[in-house]
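Line by line, the protein sequences give chains A and B. 31 is the number of the first residue of the first sequence in our numbering; add one for each residue after it. 16 is the number of the first residue of the second sequence in our numbering; add one for each residue after it.
I should point out that these hints are in silico values taken from the structure, not numbers from a laboratory. Keep in mind that the hints are not guaranteed to be accurate.
Said to hold, decoys possible - Capping the alpha-carbon separation at 27 Å, the derived lysine-lysine pairs in DSSO-like fashion look like this: (1) B:102 / B:123; (2) B:123 / A:199; (3) A:336 / B:464.
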Amino acid sequence: MSSASADPVAALAALRAEAEARIRSAVGREALQQLKTEYLGRKAGRVTAVLKTLPSLDPEARRVVGQAANDAKAAIERLLEEADAARVALEGGTAGRDLTMPARYAWRGAIHPVTLVIDEICAIFAELGFSRYVGPEAETERNNFTALNFPPEHPALDMHDTFYLGEGKLLRTHTSPLQIRVMETYQPPIRVTMPGMCYRRDAFDASHAPVFSQVEALAVDEGITFVDLKASLSYFARRFFGRETRVRFRPSFFPFTEPSADMEVECRICHGSGCPACKNTGWMEILGSGMVDPNVFVNVGIDPEKYTGWAFGMGPHRMALLRYGIPDIRMLYDADVRLHDQFVDAV
Amino acid sequence: MNVSLRWLASLLGTDLDPIETRDRLLMLGAGVEGMEPLHHDLAGVVIGQVLEVRRHPNADRLSLCEVNAGAEIKHVVCGATNVVAGKKYPFAPVGTTLPGGVTLERRKIRGEVSEGMLCSERELGLGEDGDGILELETAAAPGTRLLDALPLADTRFVLEITPNRPDLLSHEGVARDLGAVLQQPVKLPPIPGAPAGVPRAARAASAGETAGVRVVIEDAVGCPRYTAAVIRGVKVRPSPAWLQDRLRAIGARPINNVVDATNYLLFENGQPLHAFDLAKLRGPAIVVRRAGRGETIVTLDGQSRQLTPETTVIADAERATAIAGVMGGAESEVAVETTDILLECAYFDPARTRLTRRTLGLSTEASYRFERGVDHDATPLRLLRAAELIVAVAGGRVDGVPVDVHPAPIPPTTIFVRDARIAHVLGVEIPRVDVERVLTALGCVVGPKDDRLAVQVPAWRPDLTREIDVIEEIARVVGYDRFPDDLRLFRPGTVPDAPSERLADRLRRVLVGLGLHEAITSSLGPRLDEREPMVLNPLSQEEAYLRADLLPGLVRRVEYNWRQMQRNVRLFEIGHVFHKKECSLPDEEIRVAAVVTGARRPPHWSEPEPPDYDLFDVKALLEAAARVVRPGAALAGEGSELVMRDAAGVVVGRGLEPTADRPAWAARVFGFELSVEMGEAPRLRAAPLPRSPAVERDVALVLPETMAAADVEATLRAGAGRLLERTWPFDEYRGAPLASGARSVAWRLVFREEGRTLREAEVDEALARALKEVEQRHGVRRREA
Ligand SMILES: [Zn+2]
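Next up, chain A with everything else stripped away, as it sits in the complex:
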């Protein structure tokens, strides 16, 4: 303040030069903020201090000094703004832009929920040494039924409402004909998962589709038993549904397995207390399985006295409904982009 009284205009010029030099060399937002306070602060700013002396000056001096002080203030403000803009440009490259605005994406695609389920099933069984094997959807009656121990004119055929192509050809009603194909092509030990599309003469509704997926698995070797079946499928259920999942096996019937078993897990919706989805039993059927019937081994030229095996089949379409809470199986065929957009992170 003493300098101001000596020659306030010269002092202001010096102050301005000093501020300019310091602003140019300042780095970062905080340093600029401090300089702004030091020169222009309302209480103790050095240029403000000069302005505060104005009332004590004579009118002529008040005009000249006032002009110089306001010029200095404007110049320093401009320098600070420029420096801040430069800083922003340097730091972010989005000078003057609002970073809360949405990001710029490329289109994102999604794997189909059913494929996700199939891949997960196969990946879990890969941990148990299973490879993947596939085959045609149009099949012979022999591979689809006869070789799988379906007697002709047997009521078991009613469980498979079949689309026929004529001359002993049909659309496979399950992935089980792949059991025949793989056993006629390879020698035991065999450990394969076999995904694919199957066909049954069911009209489309919320829970049925005439074209649907199945995953079949087959393990054949010496010394394989019902205990191995239970162990492998229980391992799968706990890997797929969670470590604490309760599992049970119920007797069932398939012409190509004996003993046959349906595997059920604790209802995913009510967790065992009973709800409409599980018909109040607290359990949900997940797959059908069993020990390979000796007649099937005979039909493919494997000695049933030496080899035993187990097999299962399950429906990934149904599993996808359960897993992702999709209410209607038809939604899995619509290809509605609003559904699939929800699966872009599930890759």
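Place chain B with the ligand on chain A using the hints.
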């Protein structure tokens, strides 16, 4: 099949808990699809005895009753005309909620207070009769709960029985399975009022006689056993209450005593029976034979049916009067005026019954059971029980000795089971005593034979024919939950991963990475061209053919999305297509197809309207897919389509603008389809990175519209020689000052030679050579600067 818990309990002679029974049935392999409590809503109704009946002072058709309801005498206004002092009726006191949800209140009826209600059959949900109140013949004291006095409270199970278990299509069979676990034998309850001394059927080889009726089996394949009894003097009328209650408990409607008796036994032991009106049988005779060509019959449902020689029929002396094992004929149906009946209890061949049922499209409770196999040993015993029941409920007497025509008795099945084999399959040793206990409880006769177990199987279990069948029975009754589930070491398998699965997986990831959604569409569709295999029995003509291409199905999915007002759609599918082939399975091929329409990039505030997809985007998708599944295939433009050919020149893929039903606001749709080649993708190898500098030149050439840039580029490459590392068109221009019909395409050429720095002069020389070649071959020149 519907099963009554009370009925099961009466066969086992023990009480059964509904929940426990359901869980036991499930763990024995009977699917329990439903479980319904019956009449538990009658808990508040008690036995009321009417002490006094007076006229209502203010209403002619009402009466005032004093009712002993146990603890108190109640004052009741009653509208029924059949109310009689001294009799007992169901009484619902004030506060009771009746079936249907009405709660009774204390109220005045025409000035007289009523403290409850005497109920009719219909008001209690026990039957159709709503005309009068239900008179009870019970010794129970007034005030006793109705449910304690009458056998009404029950639980109905809806069972889903697998086709291998015909024995479970009856209460006796279900009870037997339960009994095997509960260690409780099954006993058929005695029939109230059954006559004594009905003779057992006498066997005849292929023709016999009972009470003057000749019974002949001509078709022993379709009908291996036929037993019959003649009952004279029956009175057709409603059944007694116990029989009606049993039938209602399983959801069957009582009809008359003869029909109800046969239905009751059907559900008790699984044996379908048939009663003919003897007066309508000509001869009188029963001839089991094949139908004649062109023979017809009117069945019980009133339909006239054309028969074929494949069908076994029950005929009288002249014409078919029932379709064996499926349905009776209308003409010989038992009616109110019937007095003499011929009762049939037979074993019809499962396969023939199924064939007949399918040919006629007629499925009945009887055909369902014959098709799966009924007990062929018990036929005469079941005839006897049926005759006793009919006489008990409909009166009359059995005339003469019933006949059992049985041309070739079927010997019992004996199966030999090895202890070691049981452990070999099940993984656990089951003690011999447990094995014997389980099998005996199921009705088998077991005994040691050498080091094996000889198991003689009951005829009600046609599913048990081999050692493995018996092993399954042991596991089933022991309980699947009793087996451990520890993972054990395994040997690796010999089957490699399918190459097509690996390729599909990589392809899927590439296309998803390019922003496309995977679709799975139905492979059944309408007919589009000649290649599609036809389904013989489609659900509709819209789904009568197997797809020959994927793309049409994906375009339908785009149209679906358009209907949902979605403009931006990007889909791909990897799936099978089918091509018709004479005398063999269709040719089946794995394909990949994709469709894109709408904005090429997601709209963004920095670019609110990005450009739409075009054929060059699809070209990129097709090339990206081909690099995975068709390495080495060449892509060229042919007309307005992109065509991809393999090394042999065979078309393996196409990119195009498919026709679509496009709304005005939607963008054009583009797509590709490519066949996936099985086999491993070539191994990727990295090239060394260049160390010498490159020299670049840009040249713009003026091409006629009709000239392919790729042809010009090939000439440029050849002309520039080995110093040219790569070249590509980087710009295209049409318009002034170019003449119309001409365009300018600009190429960038990158020259390099590894190991040295190129001189400007040699690059210029190479470029000049290239330009000269282009001019000579195509007449194309550099664009004036
Ligand atoms: Zn539930």
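Note to self: For a C-alpha distance cap of 27 Å, please report whether residue 336 of chain A and residue 464 of chain B respect it.
What the structure shows: Holds: residue 336 of chain A and residue 464 of chain B sit about 23 Å apart, inside 27 Å.
Restraint check for residue 123 of chain B with residue 199 of chain A, where alpha carbons must lie at most 27 Å apart: Violated, at roughly 76 Å.
- residue 102 of chain B paired with residue 123 of chain B [C-alpha distance capped at 27 Å]: Roughly 24 Å between the alpha carbons, so the hint for residue 102 of chain B and residue 123 of chain B holds.
Against the hints set out earlier in the document, a violation occurs for number 2 only.
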